[in-house]
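Please model the entire structure based on the sequences and the hints provided.
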Amino acid sequence: MTTRQPPPLNRANAEAILTGTATERSELAQIIAAARGSATSAELAGEAAAMIRFQAARLEPAAAHGVTVRKRMSDKLLAAKVGIAAALAAAATGGVALAAAAHTQTEPAHHALPASTSVAAPSHDGTPTPRATRAAVPPPPPSHAAAAPAAPTTPGGVGSHFSASPSPSLHGLCIAYLANEITGGKRMDNPAFGALVTAAGGKNKITIYCLTLLRADRQPTRPARSDSIGPPILSPGHRLSGPPDVPPSGPEGDQS
Amino acid sequence: MSPARHAAGGDPDTSLTRAVAAAQRGDDAAFTQVYRAVQPGLLRYLTVLVGPDGEDVASETWAQVCRDFSGFQGDGDGFRAWTATIGRHRAMDHLRARARRPVAVTTLDELMALPARDDTAGLALESLSTAAALRLIAELPRDQAEAVMLRAVVGLDANAAGRVLGKRAGAVRTAAYRGLRRLAEQGAGNLVDRTSDRSRPFDAETVR
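Going line by line, the protein sequences match chains H and R. Counting along the first sequence from 1, when you hit position 212 you're at 211 in numbering that gives the first Met the number 0, and nothing is skipped either side. Counting along the second sequence from 1, when you hit position 38 you're at 37 in numbering that gives the first Met the number 0, and nothing is skipped either side.
Just to be clear, a hint being listed does not mean it is correct.
[Said to hold, decoys possible] To give an idea of the chain R side of the interface with chain H (calculated C-beta under 10 Å), a few residues:
| hint | residue |
| --- | --- |
| 1 | Thr31 |
| 2 | Ala131 |
| 3 | Leu135 |
| 4 | Ile136 |
| 5 | Ala151 |
| 6 | Gly154 |
[As the list claims (entries may be wrong)] Cβ pair distances, simulated, as ranges:
| hint | chain 1 | residue 1 | chain 2 | residue 2 | range |
| --- | --- | --- | --- | --- | --- |
| 7 | H | Gly200 | R | Ala28 | 18 to 24 Å |
| 8 | R | Arg180 | H | Gly193 | 55 to 61 Å |
| 9 | R | Arg97 | H | Gly200 | 39 to 45 Å |
| 10 | H | Ala11 | R | Asp26 | 25 to 31 Å |
| 11 | H | Thr22 | R | Ala28 | 34 to 40 Å |
| 12 | H | Lys204 | R | Arg167 | 48 to 54 Å |
| 13 | H | Asn203 | R | Glu184 | 42 to 48 Å |
| 14 | R | Ala98 | H | Gly201 | 43 to 49 Å |
| 15 | H | Thr20 | R | Glu184 | 34 to 40 Å |
To be clear, the hints were calculated from the coordinates, so they are not data collected in a lab. Positions of the beta carbon are idealized from the N, C-alpha and C atoms, including for glycine.
Right, dumping it as structure tokens:
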């Protein structure tokens with residue numbers, strides 16, 4: 000113990016302690032300093048998953064339209080992603096795995112989405128993986144429900160859309176890998192990921208590699224870059240089931 | 000870098016403001032910057048609120064943040080407050096849901112992989128771990144713990160913390176002050192001296 004007699008606390012030094020500007024070395028100041036200690040890698044473990052969601056939300060603002068994306072949805076998404084991983088494990092090769100995954104993931108949580116293509120997947124919380132697998136997808140139509148059956152993409156024709164991409168199988172593996180990462184699965188257990196390790200140049204580089212790969216593939220397929228953040232995510236249909244609890248403009252409206 | 004803006008020196012919030020704006024334009028690297036600046040403090044705040052499920056709640060929080068990101072308007076400080084507000088709502092939902100089902104009480108120790116008590120007692124105060132400090136704060140009455148966390152760890156001023164909590168700034172100052180007093184009274188000495196009692200995060204029954 001360095002100090003057994005902390006200086007008396009008053010409003011002034013309390014503020015200094017709270018804001019980290021205190022010069023004293025009291026126990027209290029050290030407790031607060033410890034609470035505010037450097038970030039650990041464990042605390043940032045969700046970064047890849049957050050990035051996926053960020054990219055998905057940017058890519059697919061329509062996904063937020065009319066979809067009741069509440070917390071329970073993430074469970075459904077994860078179930079769908081587990082399906083991808085299962086498909087991968089069963090098929091064991093990238094291209095086949097992707098096709099299988101595409102079929103698998105259209106099932107579980109796809110009720111409310113504008114199913115613009117056969118490969119469109121259950122991105123209820125906005126995971127970009129399925130979207131990243133396709134090319135030449137038209138912009139979301141104004142009316143999702145009406146336009147859904149008119150999707151132009153050939154069912155199952157996944158591989159044919161990857162003309163600008165390194166390899167369809169790597170895409171599939173990346174999708175499965177990233178999905179598995181979201182679910183916290185044991186992604187490296189499957190030998191099928193060996194190709195990813197090789198392509199990425201190491202196990203610890205796979206996430207970066209995959210994000211880069213999927214993003215690079217995505218770029219030429221999108222009609223216009225500016226569309227990505229065009230439509231407001233907070234659409235009228237976004238929270239029809241209840242009052243918005245958090246206004247996007249800031250916390251001022253918080254009532255709780 | 001510290002999760003709190005105050006401790007990093009300079010004015011990181013200027014860079015956070017820029018990063019938030021760039022991320023809203025679709026800049027992935029900027030989003031990474033935003034995440035790394037905000038997540039540690041957010042996660043610690045949520046962990047103090049809900050305990051071991053803090054990571055899940057943080058994940059839910061980021062999912063909502065990402066969805067609504069393009070609609071956000073404000074600077075870096077505002078973004079911290081916004082994410083904290085979303086996180087708090089998700090945490091309250093979580094606690095309400097937990098209150099409706101039996102749950103094994105898990106301690107912060109287990110979550111944060113704290114050293115064993117014997118080891119903890121041997122630590123010099125200088126090496127007081129973040130986890131141990133959070134455990135102490137989590138033992139405060141919740142309003143005090145929240146005020147301390149939002150101000151000291153998330154890095155909000157009293158006004159912004161008040162908006163997160165739905166309180167006036169003065170009430171936040173008072174709660175934080177009382178929390179500090181209590182920490183000073185029982186804080187590190189308590190941490191080192193006690194051997195048996197186990198801390199735990201706020202129980203669901205404290206949620207109204």
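Hint-by-hint comparison with the structure:
1. Thr31: Holds. Min distance 7 Å.
2. Ala131: Holds, because the Cβ-Cβ distance from alanine 131 of chain R to chain H comes to roughly 7 Å (cut-off 10 Å).
3. Leu135: holds (6 Å)
4. Ile136: Where the cut-off is 10 Å and the nearest Cβ of chain H is about 6 Å from isoleucine 136 of chain R, the hint holds.
5. Ala151: holds (5 Å)
6. Gly154: holds (8 Å)
7. H:Gly200 <-> R:Ala28: 18 to 24 Å: Hint holds: Cβ distance 20 Å, inside 18 to 24 Å.
8. R:Arg180 <-> H:Gly193: 55 to 61 Å: holds (58 Å)
9. R:Arg97 <-> H:Gly200: 39 to 45 Å: For glycine 200 of chain H against arginine 97 of chain R, whose Cβ atoms are near 43 Å apart, the range 39 to 45 Å holds.
10. H:Ala11 <-> R:Asp26: 25 to 31 Å: Because 41 Å falls outside the window, the suggested range is violated.
11. H:Thr22 <-> R:Ala28: 34 to 40 Å: holds (36 Å)
12. H:Lys204 <-> R:Arg167: 48 to 54 Å: holds (50 Å)
13. H:Asn203 <-> R:Glu184: 42 to 48 Å: holds (45 Å)
14. R:Ala98 <-> H:Gly201: 43 to 49 Å: Given range 43 to 49 Å: holds, Cβ gap about 45 Å.
15. H:Thr20 <-> R:Glu184: 34 to 40 Å: violated (22 Å)
Consistency note: the structure conflicts with the earlier hints numbered 10, 15.
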